[in-house]
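Enquirer: Residues per chain, in single letters:
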Amino acid sequence: MSIGRDQVLHVARLAELAVDAQELERLVDQMNRIVDYVAQLDQVATEPQAEAFLPGPSSVALRNDVEGAKPLARLPSELAPEFREGFFLVPRHGAMEAP
Amino acid sequence: MSSAVSIAKETAARLAKAEPLNATLHWSEELLAAEALRVDGMDKPGPLAGMPLALKDNIVTVEQPTTCGSRILEGYRSPYNATVVDRLRSAGALVAVKANLDEFAMGSSTEHSAYGRVKHPVDPARVPGGSSGGSAALVAAGVVPAALGSETGGSVRQPASFCGVVGVKPSYGRVSRYGLVAFGSSLDCISVFGRTVDDAARVLSVMSGHDPLDATTIDRPPMRVPLTRSDLRGLTIGIPREYYPPDLHGGVAAALVAAQNRVRELGAQIREVSLPNSAHAVPTYYIIAPAEAAANLARYDGVRYGVRRVGTEGDIRSLYRATRGQGFGPEVQRRILVGTYVLSAGYYDAYYRKAQRVRSLIAQDFREVFASGVDLLLTPTTPTPAFKAGEKTEDPVAMYLADIFVCPINLAGLPAVSIPAGRSEGLPIGAQLIAPAFEEEQLLAAAGVLERAMSAEAEVR
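Heads up: the protein sequence lines correspond to chains A and B, in order. Take 70 as the starting number for the first sequence in the working numbering and just add one per residue. Take 2 as the starting number for the second sequence in the working numbering and just add one per residue.
So here's chain A without its partners, still in its complex pose:
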């Protein structure tokens, strides 16, 4: 399997990642090395119906839909320049635009 420049750029667009043109050649080379290496798994015999292994509790329980989230260590009012009656105060719409 060989990955070309166009394929790397396509994947970079999918990943929302701007790739430096000067770095592209090196990235193509390293991507090929990595993908060639991991492709060896193709030779491992596996059962098509085998279930994926998931560590941890055998059945990850969904939380109940009840309130009780951990309170923030800092109140929202401490995180904002201006906060009044439960609202963040922001500049009036258009106030920051040039006249």
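Heads up, a few of these hints could be off.
As the list claims (entries may be wrong) - Below, computed lysine to any residue pairings styled on SDA-like, alpha-carbon distance capped at 25 Å:
1) B:K393 - A:G73
2) B:K393 - A:R143
3) B:K393 - A:F122
As the list claims (entries may be wrong) - Residues on chain A that point at chain B, a partial pick, calculated with CB under 8 Å:
4) R102
5) Y106
6) L110
7) E120
8) L123
9) G125
10) L141
11) R143
Everything labelled a hint here was simulated from the structure, so no lab data went into it. Quantities reported herein were computed from a predicted structural model and do not represent experimental measurements. All C-beta atoms, glycine included, are put in the ideal place defined by N, C-alpha and C.
Following the hints, complete the assembly by docking chain B onto the known chain A.
Expert: Relative to chain A, chain B alone:
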């Protein structure tokens, strides 16, 4: 002068002296002093009273920034503490030091931090291992008695081995991941470094236990500090042949032969076993972990966290791409690209689904060996001692192979510990013990016996 205050002052002096290692990202005398006053004022100081701890900087804290060693999180400060931070502080630990790491915990050498590489405490030309290299270096240099790291594919045991300290990875689900910045969610585990097995066990016992804020923590009582054993009688220790390849570094091989001899002298039975699918662990890991990373790191887009870069086209997608392109370093970008590639249409079955099936085989091997009457497994932690800085940075696959003996355990979700087993040409070597899931108490009791019986500072031949 109260005890915690004097400990804080001594710790600050050691931190200042250790600055050339570049192992810390954030600490201050003021915060250490405030922590000490808090502990001295506690009615019941707890089992870690006055113990200074360093945290890998991917564990969120209110009082200090959390950068993950990345430019993209520059200036980010969490509005909440990780569960482990709250538990450690309640037990009396002084939490005021954030340690350097490979960016977003992706690396095996701590050369991939946006804030510069961490130096090995014995030989500054070498790496301390990674990705929790800052935490390992601080414990090895005697700055703190214990530190937290995180493991996705061996990022605590590997640097513990390189630096000559103890590194414990708990079972997946034993410790809450709430507040650990996500990398590979089915693999990530907050883990512990200690000067000794006992130090690490005490920290782990405080951190462990069910957390309603992390649905993947298991609902069972916290781990207890294991009772001290005097020998290993009654235990069967498995030696998996795949972890002792013919080309194993001579010093590592000699250290493990010496460790096996100590195990026999301490009364355990030794049995050769096979874990055939562990040979596929590194390629399996380097499909699953980047795939999960690509999804987890999608949230860093310049809108919600950290820095923002406006792209040339001036629209929102250009902003995302510019922010991520300039904010992430090369190793993180590589892994995001590989993860996106293996998850993309046309390649998902060939790579990701296949890797999931091989992961099942790797885990099944461990289950079968433990079901056959083996209590613990003994292996080298790493194939070589610490390598030189820059030696593997141009060849990502060579770097990944540094994790060959540690990442199978992450894929199987098992607990394991690396303990110092001697030195080769002055560089530390680690021996790894692996246990069945949630058998940390037996694992650490046996590791404590072996630790006392081995000469960690002695040259092996």
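Enquirer: All hints are to be evaluated individually against the structure, with a verdict given for each.
Expert: Now the hints, each set against the structure:
1. B:K393 - A:G73: Satisfied, since the Cα-Cα distance of roughly 24 Å is no more than 25 Å.
2. B:K393 - A:R143: Given pair B:K393, A:R143 is violated - Cα atoms ~43 Å apart, limit 25 Å.
3. B:K393 - A:F122: violated, 31 Å
4. R102: Since chain B brings a Cβ to about 6 Å from A:R102, closer than 8 Å, the hint holds.
5. Y106: Check passed: Cβ of A:Y106 comes within 5 Å of chain B, closer than 8 Å.
6. L110: Status holds, d = 5 Å.
7. E120: holds, 7 Å
8. L123: Result: holds, 6 Å to nearest chain B Cβ.
9. G125: holds, 4 Å
10. L141: holds, 5 Å
11. R143: With Cβ-Cβ at 5 Å, under 8 Å, it holds.
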